[in-house]
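**Q** Letter by letter, the chains look like this.
Number of protein chains: 2
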Amino acid sequence: MEEKILELLEERRFTELKSILSELNPADLVEYLEVIPQNELLLVFRILPKELAADTFVEMDSDMQKLLISAFSDKELRDVVSELFVDETVDVIEEMPASVAKRIISQADPQTRREINQILAYPDDSAGSLITTEYVDLKKHITVADAFKHIKDTGPDKETIYTAYVTDSRRKLIGVVTAKDLLLSSPEQTIEEIMDENVIFAHTSDDKETVIQMFDKYDFLALPVVDNEERLVGIITVDDAIDVIQEEATEDIEKMAAIVPSDKTYLKTGVFSTFASRIPWLLFLMLSATFTGWIISSFETKLAIVPALMAFIPMIMNTGGNSGSQSSVTVIRSLSLGDIEFKDSIRVFFKEFRVSILCGIVLSVANYAKIMLLDNLLLGSGISNTVAIVVSFTILATVVFAKIVGCLLPIVAKKIGLDPTVMASPFITTLVDTVSLLIYFAFASAILNL
Amino acid sequence: MEEKILELLEERRFTELKSILSELNPADLVEYLEVIPQNELLLVFRILPKELAADTFVEMDSDMQKLLISAFSDKELRDVVSELFVDETVDVIEEMPASVAKRIISQADPQTRREINQILAYPDDSAGSLITTEYVDLKKHITVADAFKHIKDTGPDKETIYTAYVTDSRRKLIGVVTAKDLLLSSPEQTIEEIMDENVIFAHTSDDKETVIQMFDKYDFLALPVVDNEERLVGIITVDDAIDVIQEEATEDIEKMAAIVPSDKTYLKTGVFSTFASRIPWLLFLMLSATFTGWIISSFETKLAIVPALMAFIPMIMNTGGNSGSQSSVTVIRSLSLGDIEFKDSIRVFFKEFRVSILCGIVLSVANYAKIMLLDNLLLGSGISNTVAIVVSFTILATVVFAKIVGCLLPIVAKKIGLDPTVMASPFITTLVDTVSLLIYFAFASAILNL
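Protein sequence lines correspond, in order, to chains A and B. Going by this note's numbering, the residue at position 332 of the first sequence is 332; the numbering climbs one at a time, nothing skipped. Going by this note's numbering, the residue at position 445 of the second sequence is 445; the numbering climbs one at a time, nothing skipped.
Hints are computed from structural coordinates only; laboratory data are not their basis. Treat the numbers as computed from the prediction; the structure is a model and nothing was measured. Take these hints with a grain of salt, some might be off.
Which copy is meant is left open, so a pair is good if it fits within one copy or across any two.
[Claimed, not checked] Calculated cross-link-like contacts (lysine to aspartate or glutamate; reagent style EDC-like; alpha-carbon spacing at most 20 Å): (1) K75 x D181; (2) K4 x E88; (3) K264 x E59; (4) K4 x D206; (5) K217 x D263.
So that you can see chain A by itself, here it is in the shape it has in the complex (with noise of 0.2 Å):
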């Protein structure tokens, strides 16, 4: 299929590359856009109907939009931003440089201009910053007959027409009508006979995650997005939910991994970016290991003492490690499908205490078996019985701490408004490796007399 595109192109047979393209979708289109030659880019995308051709353009990543800006005339410019929905438009501009963006502005239509204004004032993480303005709007006293009429004269430049919108003269929203409830009704019906007066809505300065969960809770298409005086000011789309939720699942699961987010993808991010992005946390976490440096050169002459206590530094660091991070992980991952808040703290705090004991029970007797059997018996490494009672309770002491600190962290970050997910593995790690290795040698020198 790529060879026929190119091959059509470079023969200039625009005709046939022209019908080839069109029965494309808008996101398999783009991949072909990609693998042609950027001088013939402006080209191939004039030859597209118009309508394809704003669908394909808002598919394409923001380094090949910008390139089409540049090149574009201000007529074709102003002919893509007539086709793209408001929210598509912004999400264009939001990737621009400045003057980009400024141009992409002026050619909207005023009316077009003010509802980009809007959006792109409202803060980044809110749902008012995921809004499109092109939404069915209808008035409770029409009848089902005439709400088909308003969907067919208007419809084609809206993003859904599968729910509409009821509001008030003072654009207070109402109710909500699917396009279902109006199929299945009969034509003299009333919009107020048959609307759901109980909807459900967001507010434009809710938290992305909060959509994010409402969707997740109620299947919806498109969620109302309401301002301070309940005035319906935008929709949010299935489509762009999905997108919301992929990208803040990937959010949390590189801040996890101790990387600071991005927005693009893997392949498409440079070098540098990649490594700005990863250095930050590495630098931090290596520097705040200089606490278990301390410890253990404090400790010193102690372990010259004892030096079968060193070989099991590195065991006991990583089992705190992966025993807070299990947890700490957990809670997160709850706290942000809003499965868990700040309220079920205490029922949180018992269940992982009581995992944990079970946890660091069963640990701690594996690992005084190992040490028996495996090192001592089958190795003959003569590790004595006090070490190895040492190493099992600094084991069950850490696990316990570990996974209070991991499940209790991420619940008062979120609750003092810092953000859970910087709470995980990586900071909790730092934290359990320094009191690990104290409970160790506290245990040592007790139980030792070291």
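Position chain B relative to chain A; hints supplied.
**A** Just chain B, lined up with the frame of chain A:
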């Protein structure tokens, strides 16, 4: 609200209770049912209108469903099952013990029973397991007006009426028409004239991940699923796709944190189940840390000569572990989003190699500076220049090794059919821990002439 409901229930004011509950969205209604005493649950469930009752039943967790089913008469169970969509019935059945599952299936009508059994037969991770059979099926020669009539007649029992599928006499999928296409066409046009013949579909045997990627890419409200002969067997709706997206992300996050994934939400999982999902990896990782213990033991006599070396072990291991999991987690997420594939291995390798060199240089220089300025100049630790050099070189080598293993292991795992996510942080950490110690001691032996 909760108190109001409990009060009405206690005073047996069922008419008022019914009118309050009937206004609620099923997803909200379920939350109120959770506060109702178990022995009153069936009573309240019985007063709900049939359709709402079924919709609410779907939203319940499996414990509440089981409780109700055991209290249902056969007639009641049949009524609920007949209101459910086939995929919903399958979801309920999958969570039930065999005897309850049998009873549910026996109450379905023969056609539904066949469909349930077919869906249950698809592998758990396949597109087939996600389908429902209640889609709108059109023939190409009928007119738009006929199509509307068909939708009006059969629509109430369809999971979505917004996308209709056109099949030929052998049930082969030949086109797709959206409700928007229908609404914006004139009544006398035929389906063949307006349908999109470039149908994008999944196969029953496709992986869930593929389904997610298709929803992500094409912004569908429903995805058709065909069998090996390209006959349409069912559709996956976007609300179910969202559930799968969330479940898969949670599962990936859990695996990355060395947890055996489970289906239930955190607070609904018992202490013992939580323990059981965490202990296998903790135990495995603890025991595999035996290697690092042995390496340290075998180096004991040399460490005794330069005890300063000991203090850096945790820092080196953590830095290696963090570097590796940054790469592995990024690659795993990109694999599951479909951003990278096996054919990108070489690009990924070169990219990670360059990133690792950059990170490694910055970290080792920072480490050298920290030892010289903080440890020595400020705290007078007296760490020798050669030890600082050994540590810094080890960091560079460890970071490069960790990042390369971290990026390649998941890609190779996926290629040979293993789960790339299990290759993430915990497993890679153990490998990197071992290798980083070997590197450290090799450099130390060579440079310090031990």
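**Q** Checking each numbered hint in turn, tell me which of them this model violates, lowest number first.
**A** 1, 2, 4
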